Structures are given as structure tokens and as C-alpha cells.
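2 protein chains.
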Amino acid sequence: MSLAHNLFYVPPEKITSKEIVIDGEAFHHLKNVLRKKTGATVVISDGAGSVFTTEIISVTRSHMTTQIVDKNIVAHRRNLRCALAFVPIKGARNDYILEKGTELGLNCFFPFISERSVVQRIRHSRLQRFERVAISAMLQSQQYFLPAIQPLATSAAVADIFPQYDRVFVAHPDGHRAVDRSAGSVLLVIGPEGGFDEHEVSLFTDRGARLLSLGVHRLRSETAAIVGVTKILTAYNEL
Amino acid sequence: MSLAHNLFYVPPEKITSKEIVIDGEAFHHLKNVLRKKTGATVVISDGAGSVFTTEIISVTRSHMTTQIVDKNIVAHRRNLRCALAFVPIKGARNDYILEKGTELGLNCFFPFISERSVVQRIRHSRLQRFERVAISAMLQSQQYFLPAIQPLATSAAVADIFPQYDRVFVAHPDGHRAVDRSAGSVLLVIGPEGGFDEHEVSLFTDRGARLLSLGVHRLRSETAAIVGVTKILTAYNEL
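Here the protein sequences come in this chain order: A and B.
Take the first sequence: its position 122, counted from the start at 1, is 122 in full-length UniProt numbering, and no numbers get skipped.
Take the second sequence: its position 8, counted from the start at 1, is 8 in full-length UniProt numbering, and no numbers get skipped.
Since the hints were made in silico from the structure, they are not lab data.
Possibly wrong hints are sitting among the right ones.
[Claimed, not checked] Which residues of chain A face chain B? A few of them, derived with a C-beta cut under 8 Å, are:
no.	residue
1	Leu-104
2	Arg-177
3	Glu-238
[As the list claims (entries may be wrong)] For each label pair, taking beta carbons as the anchor points, the in silico distance ranges come out as:
no.	chain 1	residue 1	chain 2	residue 2	range
4	A	Asp-23	B	Ser-182	53 to 63 Å
5	B	Ala-157	A	Val-74	37 to 47 Å
6	A	Asp-180	B	Ser-182	23 to 33 Å
7	B	Gln-120	A	His-28	46 to 56 Å
8	B	Arg-35	A	Val-43	56 to 66 Å
9	A	Asp-23	B	Ile-122	53 to 63 Å
10	A	Ala-48	B	Glu-13	42 to 52 Å
11	B	Ser-17	A	Arg-132	48 to 58 Å
12	A	Ala-157	B	Ile-122	41 to 51 Å
13	A	Asn-237	B	Asp-206	23 to 33 Å
14	B	Thr-205	A	Asn-237	19 to 29 Å
[Said to hold, decoys possible] Covered by chain A, per the in silico footprint, the following chain B stretches (three or more residues, Cβ under 8 Å):
no.	stretch
15	81-92
16	100-112
17	141-148
The model shown is predicted, which means the values in this text are computed figures rather than measured ones.
Every residue gets a Cβ at the ideal spot worked out from N, C-alpha and C, and that includes glycine.
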């Protein structure tokens, strides 16, 4: 649970047909920072397209309960379902991928280990951090859909996901510059800092992925992620 | 002077026809980290398209002198001359604009104060930091052109720059989605977190700027900067 601009996130499983219980960080912010009391209005997103206008009916030391006054179903702003598979890098630059990808309305993130990965494992706390970053970016950009963050996979497991998307692009310097536009869903695969090795590129192209160039400039992984997504969304008239 | 991947930056004014004197951070890295001694080769960019292969001829406590063995003139990788005017925001998010903009090959940055700017001044140390970030990004992305970083200006002063560019785009939610492509040089103007006020928008459009939409999602300033540049470069077939 996180918050920004008076929109709060509560996961769907904590929402009943009548009431929403708010605890954790959102509770702390509402109670101690915004000093909201019984009777105050709280707007809540479930990260799945529902927006609830609620009224606080009780406040305890650990949580508050709100009553649902109104519920709206919001459509996703992207016509294109767009997901990103990326190789986690060291440090805070991953957060950037999660934050900017969420701002741009991606549906799903697939972190995965590549042959040339520097990072070989992701701690549970890191995945939780990814989720906090995504929640914060969702609320900051006033969206009502929280992208899914999948557990860490292998290159082979990422290739197994390809059939779920109409089109898969793998960022690669030898790729085409044009983005073909005949798809309702797209997966973009971004490699590690040193690039994919040939074996992995073959694995991906054998499974139907197309290589997409992101220009002649050498980009950092996290730059390639946002530039690639922007290039695809631009080609699909989604930006 | 900064460094990455064994390419080093020395500003043009420190380069003579025969020798290059390296001091500061680059000197420290070469001497203490890479332990380069007399006779070793050092590759240097002047940030203006020249690449020098040099050989160390002397090392003192404060600097080293290299002899120029070979000089190459490199063409800019962008056909489009593209610059960014942006409103500095609080904290480290500015660095992101400088870093990603440099990676993407922008020629010039114009930081400026807008009506709704949170930040009203930029310390000299901050501008120096901007330059360090740009140098580092230039070397990291293996480019040989360092973008210029102009001193902090006002909105009115930014409008005075417009005639230097064939086309000026101002990121705005009411703008067109299509990027017209009849230009050899483009300036993109990105507003503060709260957006430009109407007075500023009029100031810009009266001077010939076109409003450009970056989609229905609310983007942070630094996201808008990179998404806007990527959208323009994509439209110009530069990515």
C-alpha cells in the first residue's frame, strides 16, 4: 500500500463489497500525515481498474476501516497490451525501469536472468521493492492499473511466454528499425549491459521474436527499456 | 574530465596540436586505478568529435602529459540536431535528464525557470554536476560529442532561442500527437511538474512553437523529457 495525490492503493484481496481495511504505510500516511479522521473521504484504487470513493468509519492504532460509498470501473488507457522482459542490473537502476515502465502504462514486467547477467538472483525484498516502486508510480501518474511483476525467470522461461503476445521484439543492434504495427499485444525483451549472447538471440528468434534496433547509440539497459517502450508506443499511435 | 571504458574526456582548450595534459579525476583514475605508466596508450575525446590516440610521455604527482599519436574526426551520429529545454526539478531527477539526454545524443540542454518552477535558482556546483553527468554519459555510451549545457534562463529567454531551430515542440496535454518531420533541427521544451501556465504556453506558441502531446498518461518531468525526445527521434527515423 502506498500513496500519492490522495489516491491510495489497496490490493483487491483486501476489498470486500462494502468495506475496505487500510493498514501499513497507507494507514500511517492517512492517520499521521494527513490526519484523516472518521467521516473523511478516501479514494482507493485496487490496481485492477476499480476506483472506490470511501468514508472512514473507524480508526484503530493499526488500521482504519472505510465504507464504500461509490465504485467506478475505469478502462485501461492503453489499447495495446504491452509488457517488458528485462535483465535486472545492479543497484537502483532497476527501480527506474519499474517506475518509468509503470508511468507509461505497461501491463507486466518479467525480470529474467540472461547468460551474461551480472545479477544471478533477486532477493524477495528486492521484488517487494519493485512492487512498492510500481505502486508509487501508478499513484503518482494517476492510473488505476498496477502492472504485474513476475518472479525471476530464465531466458528459456521468457521464450515460453512469447505465445501469450501477438508480437515479441528483442532489442538488438542488428535489428530492424521499423516497428510493425499488426498486433494487439507486444512483449519487449531488453538484454543485459553486455548484450545477449548469440545462443540466446537464436533461442528468441527461433520462437518468433523480431530483432528491433534502438538506434546507433549505445544505451544503458534502463535507457533501452524506456526508449524501446516509447518507440513501440509511438509506432502504435499510443503516445 | 571523467572516464569510462578507457575513453577519457579532456576539454578542447587543454589540447594542443602535439600534446594533451591530463589532470583531475581522469589523471587520478589513469594513475591510481588503472596504474598507467609512461608508454601506455590513452584514448581521449575532446567532446567535439575528435578522438586522439595518445601515449603517456610523463607522469607527475598532479598530472600526466601524453603525446598525440593519431587523431580521428568522427561525425555526429544524429542527422537531426536535437536540443532540450527543461525546468530543473528538485533532487537527483535532473541528473537523469542530463544522463539519458546525452545517451540519446542531444546537442544542447537549456535549463530554465518557469512560472511554476519549484526551483528558482541553480547553484554553480549544480551546473558543474550536470556537466559531470553529461561527460560520464558521453563516455559510457561511447560517443565523442559532449552536449552543451547553457546557464539557467527564463521562459522568455528560451523563447528567444526558438529561431535557432527549424522546429520547436512544447510538450503539452492538448498538443498534437503527430510529430511533423520537415526539420533539420528540433528544440523540445518540457515543462515543470505542474505544467506550464497559459501565459507561458501563449508566449511559446506566439513564437512559433507547436504543442506536442506525449499521450494520455501523466508523466513526471524527467520521464516526459526522455519520452518526448524518443518520440521525436522515432518520428525522424533516428532510432
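Numbers of the earlier hints that this structure fails to satisfy, in rising order: 7, 9, 10, 15
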